[in-house]
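**Q** One-letter residues, chain by chain:
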Amino acid sequence: MKLAYWMYAGPAHIGTLRIASSFKNVHAIMHAPLGDDYFNVMRSMLERDRNFTPVTASIVDRHVLARGSQEKVVNNITRKDKEEKPDLVVLTPTCTSSILQEDLQNFVNRASLESRADIILADVNHYRVNELEASDRTLEQIITFYINKAIKNKTLQTQKSVIPSVNIIGVLSLGFHNQHDLVDIKRLFSDLGIKINHIIPENASVHDLKELPKAWFNFVPYRETGLMAAKFLKDKLDMPFIDITPMGIINIKSCVRAIQETISKFGSENNYEEYLNRQTKYISQAAWFSRSIDCQNLTGKTAIVFGDSTHAAAMTQILSEEMGINVLWSGTYCTYDKEWFQEKVSQYCSEVIITDDHNRIGDLIAKTEPNAIFGTQMERHIGKRLNIPCGVISSPVHIQNFPLGYKPFLGYEGTNQIADLIYNSFTLGMEDHLLELFGGHDTTDILTNTLTSQTNISWSPEASRELNKIPGFVRGKVKRNTEKFALQYNNNLVTLEIMYEAKEKVNT
Amino acid sequence: MTLSTQKNLTFECETGNYHTFCPISCVSWLYQKIEDSFFLVIGTKTCGYFLQNAMGVMIFAEPRYAMAELEEGDISAQLNDYEELKRLCLQIKKDRNPSVIFWIGTCTTEIIKMDLEGIAPKLEADINISIIVARANGLDYAFTQGEDTVLAAMAQRCPETSCQKDRSDTIIPQSNKHFPLIVFGSLPDSVVQQLTMELKKQNITVSGWLPSTRYTELPAINKDYYVVGINPFLSRTATTLMRRRKTKLIGAPFPIGPDGTRAWVEKICSVFNIVPNGLEKREQEIWASLEEYLKLIRGKSVFFMGDNLLEISLARFLIRCGMTVYEIGIPYMDKRYQGAELALLSQTCLDMDVKIPKIVEKPDNYNQLDRIRDLQPDLVITGMAHANPLEARGINTKWSVEFTFAPIHGFTNARDILELVTRPLRRNNNLKEVSSEIYSSNY
Numbered sequence: 001m002k003l004a005y006w007m008y009a010g011p012a013h014i015g016t017l018r019i020a021s022s023f024k025n026v027h028a029i030m031h032a033p034l035g036d037d038y039f040n041v042m043r044s045m046l047e048r049d050r051n052f053t054p055v056t057a058s059i060v061d062r063h064v065l066a067r068g069s070q071e072k073v074v075n076n077i078t079r080k081d082k083e084e085k086p087d088l089v090v091l092t093p094t095c096t097s098s099i100l101q102e103d104l105q106n107f108v109n110r111a112s113l114e115s116r117a118d119i120i121l122a123d124v125n126h127y128r129v130n131e132l133e134a135s136d137r138t139l140e141q142i143i144t145f146y147i148n149k150a151i152k153n154k155t156l157q158t159q160k161s162v163i164p165s166v167n168i169i170g171v172l173s174l175g176f177h178n179q180h181d182l183v184d185i186k187r188l189f190s191d192l193g194i195k196i197n198h199i200i201p202e203n204a205s206v207h208d209l210k211e212l213p214k215a216w217f218n219f220v221p222y223r224e225t226g227l228m229a230a231k232f233l234k235d236k237l238d239m240p241f242i243d244i245t246p247m248g249i250i251n252i253k254s255c256v257r258a259i260q261e262t263i264s265k266f267g268s269e270n271n272y273e274e275y276l277n278r279q280t281k282y283i284s285q286a287a288w289f290s291r292s293i294d295c296q297n298l299t300g301k302t303a304i305v306f307g308d309s310t311h312a313a314a315m316t317q318i319l320s321e322e323m324g325i326n327v328l329w330s331g332t333y334c335t336y337d338k339e340w341f342q343e344k345v346s347q348y349c350s351e352v353i354i355t356d357d358h359n360r361i362g363d364l365i366a367k368t369e370p371n372a373i374f375g376t377q378m379e380r381h382i383g384k385r386l387n388i389p390c391g392v393i394s395s396p397v398h399i400q401n402f403p404l405g406y407k408p409f410l411g412y413e414g415t416n417q418i419a420d421l422i423y424n425s426f427t428l429g430m431e432d433h434l435l436e437l438f439g440g441h442d443t444t445d446i447l448t449n450t451l452t453s454q455t456n457i458s459w460s461p462e463a464s465r466e467l468n469k470i471p472g473f474v475r476g477k478v479k480r481n482t483e484k485f486a487l488q489y490n491n492n493l494v495t496l497e498i499m500y501e502a503k504e505k506v507n508t
Numbered sequence: 001m002t003l004s005t006q007k008n009l010t011f012e013c014e015t016g017n018y019h020t021f022c023p024i025s026c027v028s029w030l031y032q033k034i035e036d037s038f039f040l041v042i043g044t045k046t047c048g049y050f051l052q053n054a055m056g057v058m059i060f061a062e063p064r065y066a067m068a069e070l071e072e073g074d075i076s077a078q079l080n081d082y083e084e085l086k087r088l089c090l091q092i093k094k095d096r097n098p099s100v101i102f103w104i105g106t107c108t109t110e111i112i113k114m115d116l117e118g119i120a121p122k123l124e125a126d127i128n129i130s131i132i133v134a135r136a137n138g139l140d141y142a143f144t145q146g147e148d149t150v151l152a153a154m155a156q157r158c159p160e161t162s163c164q165k166d167r168s169d170t171i172i173p174q175s176n177k178h179f180p181l182i183v184f185g186s187l188p189d190s191v192v193q194q195l196t197m198e199l200k201k202q203n204i205t206v207s208g209w210l211p212s213t214r215y216t217e218l219p220a221i222n223k224d225y226y227v228v229g230i231n232p233f234l235s236r237t238a239t240t241l242m243r244r245r246k247t248k249l250i251g252a253p254f255p256i257g258p259d260g261t262r263a264w265v266e267k268i269c270s271v272f273n274i275v276p277n278g279l280e281k282r283e284q285e286i287w288a289s290l291e292e293y294l295k296l297i298r299g300k301s302v303f304f305m306g307d308n309l310l311e312i313s314l315a316r317f318l319i320r321c322g323m324t325v326y327e328i329g330i331p332y333m334d335k336r337y338q339g340a341e342l343a344l345l346s347q348t349c350l351d352m353d354v355k356i357p358k359i360v361e362k363p364d365n366y367n368q369l370d371r372i373r374d375l376q377p378d379l380v381i382t383g384m385a386h387a388n389p390l391e392a393r394g395i396n397t398k399w400s401v402e403f404t405f406a407p408i409h410g411f412t413n414a415r416d417i418l419e420l421v422t423r424p425l426r427r428n429n430n431l432k433e434v435s436s437e438i439y440s441s442n443y
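Same order as they appear, the protein sequences are chains B and U.
For the first sequence, UniProt numbering assigns the number 1 to the initial residue and increments by one for each residue that follows.
For the second sequence, UniProt numbering assigns the number 1 to the initial residue and increments by one for each residue that follows.
One thing to keep in mind: the hints can contain errors.
In silico lysine-lysine, DSS-like type, Cα no more than 25 Å apart, as pairs [claimed, not checked]:
hint, chain 1, residue 1, chain 2, residue 2
1, B, K505, U, K281
2, U, K94, B, K2
3, U, K200, B, K469
4, B, K505, U, K200
5, U, K355, B, K2
6, U, K113, B, K367
7, B, K72, U, K300
8, B, K505, U, K201
Please keep in mind that the hints were generated in silico from the structure rather than gathered at the bench.
Next comes chain B alone, as it looks inside the complex (with noise of 0.2 Å):
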C-alpha cells in the first residue's frame, strides 16, 4: 500500500480510452463499476467534446461478482453493434474487473461471431503500466490487428507514394495541446514537400491503416504514445520511423535533418538547410528573441523543469541552450523511461530526478529556490504556494490547457509560444520581487470599504461568525446589503436572523 494524494500519469484504462475514442467510429466498453467512466466526463468538459464520447461501462455490480458476467459482456458489445455501428469495439477492463479473473476474451470470440464490428480485448496489465504506457501498447495492438488482418485478406497497400509521405502516430485526445500542435507539424510537413499519408490515431477510420505502408517513413512527435507501433511497422513492414519531438529550435533542425536523411534513402535528394535557415532567422522569433537585449537578463536565471519524458527534455534543452538559463534540475514522471532521459538531459542540467512522487518535487523546489518552475499543474500550485512563477508544459491537463486560441508547443510557432511562456514567467517573477524590495505599489489604501460605516451598526457575535464564512470576493457586498436592510427596518444589531432574511428578501 502507498500513501498518495496525487498521481501524474492516470490509471490504465484511460490510456486505452484515449486511443479507442480518438480513432473515428471505434467504441470502447469498459467492463467496470459504477462510476468509473469518468474518462466520459473528462472529455466532454476538457476538450468541450460536442459529441458523445464512445465509451459505455458494461457495469460490474454485486450479481456480477456473484454469477460472473455470464451474457452480460457480450450482449453488451453486441447491442453496442447494432446500436452505433462501430468498425472496432475495443472491450477494455480496468483494474477491478482486471482481479475478477474473467475469461474476457472468450467473451470477445463469442461477441465477435455476432457482430459486424471487430472486436479485441485491450492487452494492458492495470497494476502495472499507466496511462501513458498503456496508451502506447493499445495503439501498437489496434495497428498490428489491422496490419495483419491487411495482410491475411491481401489487402495490405504497399506501393509506396510517388512523393515523400509521412504517418504521423500517436496524436490522440486529452493529449497536451495535442491539436495545436498537429497544425504546426502538418505546416513542417507542407514545407518541406512531404505528404501526409495518415494521422493516427487521431480522428482516423480503422479502414485507413492498411494504408499505413504507402507513407515512406513514420513520425512519432511524442515518446509517450506511438513508439511502440512505429517499432512494430519497422520490424513487420521496414518502414523507417523518426522520433525527434519538433520542440525548440535545435530539436527541429535535428528532426528535419533526420527527415532529410531519411528519404534521401529512398531517392528523393532535397537540401532543407537554407529553409532552416530562413525559418530560424525569419518565421521563429525565438532565436532572435534569445539574441535580443530583454534575453540577456535572463542570463543566469535559475530553473526547474518536471514533466513527462517528451516536454521535460525539450524544454530542459530550450532552457539551458536557447536561452541561456541555468536548469537546476530537471525530471521526469515517466519513471519507465529513465534511461532515454538521463541520457538526453543531463547535458542540459546539474542533476536529474526520476520520481512521480510530487511531495519530493515540492520539496525539491523549496530547497532549490528556482526563479521560476516549468512544470505540470501540480508544480504551478507548488509554486504558488512558494510565491515562484510557473509555466506550465505538461500534463497532467487542466481545462487551462485547452485554450480555444492557437497555442502549439511543436514547431516554428510552438517555438515563439514557448518563448512566451518563459519570457513571462520570468519577467512577473522579477517585477513581484522589485515591487518587494520597494515596498509595493504606490496606492493609497481605500479607508472604508463599505459606504454604511458612519452608522454605528453593529454585528452579533454569531452573525459576524457568519459572515466570515463567505468568501471573502463576495463578503464586502453581502455586509453592505445586510446592512442596507438592516437599517431599512430600523435595526442597529444584525443578528443570525437578518442575515438570513436579507438573503431570502434582496438576495444578499
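Fit chain U to the known structure of chain B by using the hints.
**A** Showing chain U alone in chain B's frame:
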C-alpha cells in the same frame, strides 16, 4: 423492464447503464464538513484518478484525505493488510493528528474481501485513534449514497447519554416540550443554522445533527429519540438509526423548495403535537419573492436523467413551480424512506393538474437520449458526460452535480435552486444573436 404501479405513480426499471459519480466522491464534502476527520480511501489508481479530477482545485488545498493505493502485493495477499494499514494510519496520525480516520472501502477491497470491519477495531485500540469503516463502492452504490454509508457507520458511534436515573429529565429537558430530535444529513453550517432556526420558530429544539462539525461533538442518541432526514439518499442511515439505535423516524418530505420545507416542518410539528405557526404565510412570501424566476420556467418542460437521488424532491418542487416533468430518472428508489416525498409528488401533480411523471430507476442513458430526442424538453438535468453533447444539439442542460454542492435546503435557499435551474434559460436570452440558430436538434 419491470413495471409496477403504486398510488398512481409509475415505476420502471431499466438496465442500469447510466453515468454517475463514484460514491467515494462523498469524501470531498464530508472531509470539509467534519473538521477533525481524515478520509483514507483504500483503493486503486482508478479511484485516485477520479477523486483527483473530480475535486479539481480542492486537491491542491492539502485536503484531509488520501488514497491508500493498493499494489500488486496487496491484491495477491503477499502483504499483510493489517500491517500495511497500520503503517499508513500511523503516518496520518503523525502528520495530521485527526480525531477520526474514515476508511472508505472500494470495489477492489470488496472483491479481494479485505476485512476492513475486522481490522479496524484492532488497529483502533493499537494506535489509539477512532477508525470508522464505510463501504462506499461502485458495485453497490451511486454518488450521494456514499454519504449514506458514512453516516450509517457514524450513527453507531454516537454516544448515549449515560445519566439514566431520571428518564423524564434526561429525555425531556425542562426547556423542551417535546422528545429530543436529531436531524441527519450533511449540510453546510449556514444551512444547518437556518433549518435549526426554522424549527426554533415552531418551538422545536434540535438536540443534535448527524454529522456534527467535529467528530468529537457527535450528538448523543438514545432510545426513543426522534430522527428526521434532510436528504432523500439517506435510507441506510435512517434504517440504522431505527434498528440499531431504536429511534423513531419521522417520515417527511425533504426541505427542498418552500413547499418541501413547509411540509417538512409541518410533519415534525404534527409528530410533536404542535400547531405550526405562520408557516403558510412564510411559504407564500418565499413564493412571491421567486416570481422573477418562476416567470421564466412556467410551462417549460424538464427531463431528469438521474444520477444523485435528489431527483424526486427537485421534480416535485419544479412541478409546483409550474414546470412539466417528462421523466424522473433516479439511481435507486427507496419507496419507504421516500414515502412522504412520493405522496407529496402525487399531491403536487394533482394540485397543478399535470400528469404524474414516470419514475425510471437504474436508467439506461442510451435509451434516455432516444427519448430526449423525441420529447425535445426545454431543460435536461444531467451529468457532465452528456451536457456538452446535448448543448451542441440545441438541448439546454443543467449539470446535476451542482445541486449536490449548492445550498438548496430550507426557505432561504429556494432561490438558489431556481438560480441553477433558470441559468441555461437566462443564458439563452443573452446569446440569442450568436447561437440560437446554429445549435439545433439535428442528431
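**Q** Compare the distance between the alpha carbons of K113(U) and K367(B) with 25 Å, and conclude whether the hinted pair is satisfied.
**A** violated (43 Å)
**Q** Does K469(B) sit within 25 Å of K200(U), going by the straight-line distance between their CA atoms?
**A** holds (23 Å)
**Q** Is the straight-line distance between the alpha-carbon of K505(B) and that of K281(U) 25 Å or less?
**A** OK: K505(B) and K281(U) at ~14 Å, within 25 Å.
**Q** Going straight from one Cα to the other, do K505(B) and K201(U) come out at no more than 25 Å?
**A** holds (18 Å)
**Q** Quick one, are K355(U) and K2(B) close enough, alpha carbons at most 25 Å?
**A** violated (54 Å)
**Q** Hinted pair, alpha-carbon criterion (25 Å max): K72(B), K300(U). Please report holds or violated.
**A** violated (38 Å)
**Q** Has the given pair, K94(U) with K2(B), been kept, meaning a C-alpha gap of at most 25 Å?
**A** Roughly 16 Å separates the two Cα atoms, so the pair holds.
**Q** Hinted pair, alpha-carbon criterion (25 Å max): K505(B), K200(U). Please report holds or violated.
**A** Roughly 20 Å between the alpha carbons, so the hint for K505(B) and K200(U) holds.
This entry does not satisfy hints 5, 6, 7, going by the numbered hints stated previously.
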